[in-house]
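Each protein sequence line maps, in turn, to chains C, H, U and B.
Note that the first sequence ends on residue 359 in our numbering; no numbers are left out.
Note that the second sequence ends on residue 359 in our numbering; no numbers are left out.
Note that the third sequence ends on residue 359 in our numbering; no numbers are left out.
Note that the fourth sequence ends on residue 359 in our numbering; no numbers are left out.
A few of these clues could be false.
As the list claims (entries may be wrong) - List time: in silico BS3-like cross-link candidates among lysine-lysine, alpha-carbon distance up to 30 angstroms:
#1 H:K270 - H:K145
#2 H:K201 - H:K308
#3 C:K269 - H:K308
#4 B:K308 - B:K145
#5 B:K308 - B:K201
#6 C:K269 - C:K201
#7 U:K270 - B:K145
#8 B:K269 - B:K145
#9 U:K269 - U:K145
#10 C:K308 - H:K269
#11 U:K308 - B:K145
#12 H:K308 - C:K308
#13 B:K308 - U:K269
#14 U:K308 - B:K308
#15 C:K145 - C:K308
#16 C:K270 - H:K308
What the hints assert, rightly or not - If you anchor each label on the Cβ, the simulated ranges turn out as follows:
#17 B:T278 - U:A191: 53 to 59 angstroms
#18 H:A176 - B:R32: 42 to 48 angstroms
#19 B:K308 - U:D161: 50 to 56 angstroms
#20 B:V268 - H:S65: 39 to 45 angstroms
#21 B:E202 - U:E202: 55 to 61 angstroms
For the record, the hints were derived by calculation from the structure and aren't laboratory data.
No residue lacks a Cβ here, since even glycine has one placed at the ideal position from N, Cα and C.
4 protein chains.
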Amino acid sequence: MSSTFGSVFRVTTFGESHGQGIGAVIDGCPPRLPLSTAEIQQQLDRRRPGQSHLTTPRKESDTVSILSGVENDVTLGTPIGLFIPNSDQYPKDYGHLGNIPRPSHADYTYQQKYGIRASSGGGRSSARETAARVAAGAVAEALLKSAHGIEIVAWVASVGDYETPSPDPLEINRAAVDALPVRCPDPATAAAIEQDILAAKEDGDSLGGTIGCVCRHVPAGLGEPVFEKMEAVLAGAMLSIPATKGFEIGSGFAGTRMRGSRHNDPFVKKNSGLGTITNYSGGVQGGISNGEPILFKVAFKPVATIGKPQDTVDFDGNQVTLEARGRHDPCVLPRAVPIVESMAALALADLALRQRARG
Amino acid sequence: MSSTFGSVFRVTTFGESHGQGIGAVIDGCPPRLPLSTAEIQQQLDRRRPGQSHLTTPRKESDTVSILSGVENDVTLGTPIGLFIPNSDQYPKDYGHLGNIPRPSHADYTYQQKYGIRASSGGGRSSARETAARVAAGAVAEALLKSAHGIEIVAWVASVGDYETPSPDPLEINRAAVDALPVRCPDPATAAAIEQDILAAKEDGDSLGGTIGCVCRHVPAGLGEPVFEKMEAVLAGAMLSIPATKGFEIGSGFAGTRMRGSRHNDPFVKKNSGLGTITNYSGGVQGGISNGEPILFKVAFKPVATIGKPQDTVDFDGNQVTLEARGRHDPCVLPRAVPIVESMAALALADLALRQRARG
Amino acid sequence: MSSTFGSVFRVTTFGESHGQGIGAVIDGCPPRLPLSTAEIQQQLDRRRPGQSHLTTPRKESDTVSILSGVENDVTLGTPIGLFIPNSDQYPKDYGHLGNIPRPSHADYTYQQKYGIRASSGGGRSSARETAARVAAGAVAEALLKSAHGIEIVAWVASVGDYETPSPDPLEINRAAVDALPVRCPDPATAAAIEQDILAAKEDGDSLGGTIGCVCRHVPAGLGEPVFEKMEAVLAGAMLSIPATKGFEIGSGFAGTRMRGSRHNDPFVKKNSGLGTITNYSGGVQGGISNGEPILFKVAFKPVATIGKPQDTVDFDGNQVTLEARGRHDPCVLPRAVPIVESMAALALADLALRQRARG
Amino acid sequence: MSSTFGSVFRVTTFGESHGQGIGAVIDGCPPRLPLSTAEIQQQLDRRRPGQSHLTTPRKESDTVSILSGVENDVTLGTPIGLFIPNSDQYPKDYGHLGNIPRPSHADYTYQQKYGIRASSGGGRSSARETAARVAAGAVAEALLKSAHGIEIVAWVASVGDYETPSPDPLEINRAAVDALPVRCPDPATAAAIEQDILAAKEDGDSLGGTIGCVCRHVPAGLGEPVFEKMEAVLAGAMLSIPATKGFEIGSGFAGTRMRGSRHNDPFVKKNSGLGTITNYSGGVQGGISNGEPILFKVAFKPVATIGKPQDTVDFDGNQVTLEARGRHDPCVLPRAVPIVESMAALALADLALRQRARG
């Protein structure tokens, strides 16, 4: 199921960076859900390149069409086909790479796996592929909001050495995140990150960072032990995003340094049942949501495409110096925010429908 | 597919901590693979309780039977049924918990999800469930070794604040890991950890930590973009293990602080093709193995069962003080080593067979 | 997914005819369903050999154990493990076959597919495998009865040239079917069939026939277009039973000779909505149940194991005359009745839960 | 997995009869397979309406585009997106049906299942959906031909009471089938059928019939016991085609009247191993192909759309007389030929790749 995600709410994506376009088919979306092209486009616009001086100057409109499954802005319960034509292809930019696998890109591994690879750009391994996820994720989000009032908000939690102070998980919202082009909700940190990104750009270099994400109003009971626990599904979803290297939920790696007596989250009476006083668990226990906010973090490596010359070898093993051309982001973190939200939405939508089957 | 893992090499597990036993069915294991009960038992013995003074004194023999799919120590290509009877059940130990959901356990979430839960112990959420994974993982390992010479070695990379110096990924082996009961291959760190565990035990408290793992001789080309990339499948596999809170591959979270010019792994000519000089990628690029060692780390929270009294509420919201009884590990890390290896083996076996289908 | 059936209510079976036993794991059965070993055993008893003078004299008790997923006769929502030990193995009966693939058995094809096969009997291809389906089917039936009041009744609709007059689909029940050992609800036809079976037995020969089946009180709306339509799932389920060669629903092959003006089922007002006057559709339209009884028929070839000598070749292509030994049914139809019911139950249970996920 | 077929070679279809168009995504097609739009279009042209005086006069060009996964007429191993825009929509033709569910159509059941349905025509239940299957099937066929030299040929085996004499399964080919518009390879029968179709058309009525199909050069060893046996997968595939009511393989229903001593297929030495003298098995034994031609038959009911007035009720249960308008086929059998071939190709392609994973 390489290009399919989910088992009841199922998304299949297709498309290369330089073909006719990219798209997604959503099978299993419940019928009678209000859904418009506009709300899908809105989230796509947050992902597209060329939004600010911090991202690639490539202009791609990323305009989505709904091919099927929706009539009069309501879902029919049949597969929803989504398509985004490729507009800004520039296939020649990559011609000079010819026989050289770019370091820490997928050129070498695609060639090893398939014995062939797209002639231009990253093909299927390009970050462009994530546009289809964002389009599909917007549908999942519409479902989660309609069915449970679930809210999903991600933000830039760090870039390089600059860490954003943890926002209040109950208050942080997309407007606050989008207020600054860095998508870091803390202005002081955002300013430092902006300088860091511009400096890396100047150097022909790139930066990594982390995205934080909270899912609020997730009902208790979602997650499918033992292999599709909430955290397992989220981890798999996040590590399927290009350039990711890590995932942690709740206390994460830092929690490994705590003792159990401090780390355990005591229960307390809350409105609709029990809640916990602390939330080191990150909203999941035994792989199942407990009603508290689900909190997780995703690590993104520095972008592999850099302007600086790199010493490497070509496919035949001959020593070469590679100088990248083309227009790329020095830091993908701001644009990764809607991608993380979308994968979280796809994960939750599937788990929500699976729990419904049980009821 | 909650209790099924994999799509071509597929494992389905079953069993509660206090029922007749636990087991696994492996569907899709290739025929004519030599396989004996003894090699499955060997890995199970590394997981079972009561191995040293550091783990729970519960004695469980965890003796596995092969119910089907194997004749004369060779696989038939049909489903392999594995069963491990429960021997040391002590259902009464848990009776006093009655109406109190244990903090940071799954009592509350199972009740919310299913509207019912096993009357004794963790039921399906118990760490005992992982014995079935270890049994199945031993079969996956036999396949990987036979087909590709793949070696998988995990070790205790940290407990609490004590971190093991990174071992040489090409040299570390199970004998070195098992030399000390802590399963930390560095004797000085192991000694410190041992003291820390005994101190926590004395306090009725518990500790967390991290497991490091390397998979060697994995051929280039394994991993199924875009949703079942190598790192996505490994992350999902690891976060499905009880008590895990994080996963990172290659440079992981630390790599987010590096610039691309340093983080990129330059290619170099190696024996059978290309390799990389550094391995910040952790053996994967674009979600596909590149032939270098696959390196990852898994975070385990401190054990939720502690001896200290805890203030919490019962299912009805009444304030109570909980005092745990029973016999539990103050630190699961040493026993988690074969579990991490097993889930890695299951992940790789499925990806290896899926790549074979392509060939 | 060769040994797994269903996607939400999922059954995985395992076991060879001459190993330790056969079993099934059901993942996805809803929690809080009353379920006892006795009701599973009841349906198993209808399938086991040695029930009458018409079937094989082999005595197998086929006693089922519930290994997991059920506590105090109620399901926990966790995987239900079922196991039936093999009791009457007689491995030596097959020794003389050695190098001869039995005509119209699976010896040759298993050897071609797996490069190995079980040394005794049919192994995984034995009809014994269906005991696991019947055990699992009894669980599915308990769910369908509890959730929707669904009733599933199959009967012997023909043996050789003798056809049972179509019973009233609203009235036929298991007591009527089981009244005679032939499991044909029409006494006159049953008597003729009984004579035919005894004659075939006397000749060392075998007979085929058809099983009819009705599923009543199936709510409108079950079936998953476009590839898992009700009739597609039922057809796949039935043709997975050993020795089956055909499936038809509603008017079936005979309906191809009718004109549309006669074949169309006009709608009429019924209690809870609309119904149809005729039921040539067999209870499904567009792959979805319409609330009318689901009616289908399954063709079974004559048993491949016969007492008569057969001219064939061995695996090396040498001409041989094969004389079967062992004890086999001259006609499997009476014992096929609960198998067809069980596969129908598994198919409906999965479709019912999938529709629930949509709701 | 309602709109997805297959597990390794996986096809997902989407699209309603009156939306933007219909399409398919093929995930898992091996890389480096030569594939052109032209060879997909060729099979689509055999399915499209308006081919002869026997079919609907609707003109639809059914022009396919490859959206992804192919570069320079070679597959990349990534998902292949296929799209066929809807050209001849005529949404108004259906307006008059408004509140009346057409007898033996899916209007009622879709409304019951989804609580909503497409406002024009059959929506997802329309036979138009099969164009996507034919496009995907052409890709599967290219793979099967390239990998194994497999040939798949279907023909009209009967219409109403007229039965085509069985053609030689080793000789029948598409040119012979397409020689006459009825797609019946026997000229005399074809002439009788043609008259019958024109008479039904004249009467505003419709006819059913059967399609025969042979798959040649299928290697021994394909089929996945126990639930995805060759015949189970084929039966499910065929019964997922609109208007189908039955499936039989080899001797089928007629074989139930034979005794085992006649029905068994004796083995004989053939070129590359063993073959059988007779082929009552239809090329499969124990659910696995044995190297002989795979032979099966599919029953299609008479078309539900007829010109004659029909007495029925509307959704509210009020008695009405329905008079259909629009332009429809009096008999779908000629156009069903490529659909049956396509579903057979999809089934075999998936089973072929799954067997490859085992090797």
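To see whether the hints hold, each was checked on the structure:
| no. | hint | verdict |
| --- | --- | --- |
| 1 | H:K270 - H:K145 | holds, 22 angstroms |
| 2 | H:K201 - H:K308 | holds, 10 angstroms |
| 3 | C:K269 - H:K308 | holds, 22 angstroms |
| 4 | B:K308 - B:K145 | violated, 45 angstroms |
| 5 | B:K308 - B:K201 | holds, 10 angstroms |
| 6 | C:K269 - C:K201 | violated, 51 angstroms |
| 7 | U:K270 - B:K145 | violated, 52 angstroms |
| 8 | B:K269 - B:K145 | holds, 25 angstroms |
| 9 | U:K269 - U:K145 | holds, 25 angstroms |
| 10 | C:K308 - H:K269 | holds, 22 angstroms |
| 11 | U:K308 - B:K145 | violated, 41 angstroms |
| 12 | H:K308 - C:K308 | violated, 57 angstroms |
| 13 | B:K308 - U:K269 | holds, 22 angstroms |
| 14 | U:K308 - B:K308 | violated, 57 angstroms |
| 15 | C:K145 - C:K308 | violated, 45 angstroms |
| 16 | C:K270 - H:K308 | holds, 25 angstroms |
| 17 | B:T278 - U:A191: 53 to 59 angstroms | violated, 32 angstroms |
| 18 | H:A176 - B:R32: 42 to 48 angstroms | holds, 43 angstroms |
| 19 | B:K308 - U:D161: 50 to 56 angstroms | violated, 38 angstroms |
| 20 | B:V268 - H:S65: 39 to 45 angstroms | holds, 42 angstroms |
| 21 | B:E202 - U:E202: 55 to 61 angstroms | holds, 56 angstroms |
In summary, the numbered hints that this structure violates are 4, 6, 7, 11, 12, 14, 15, 17 and 19.
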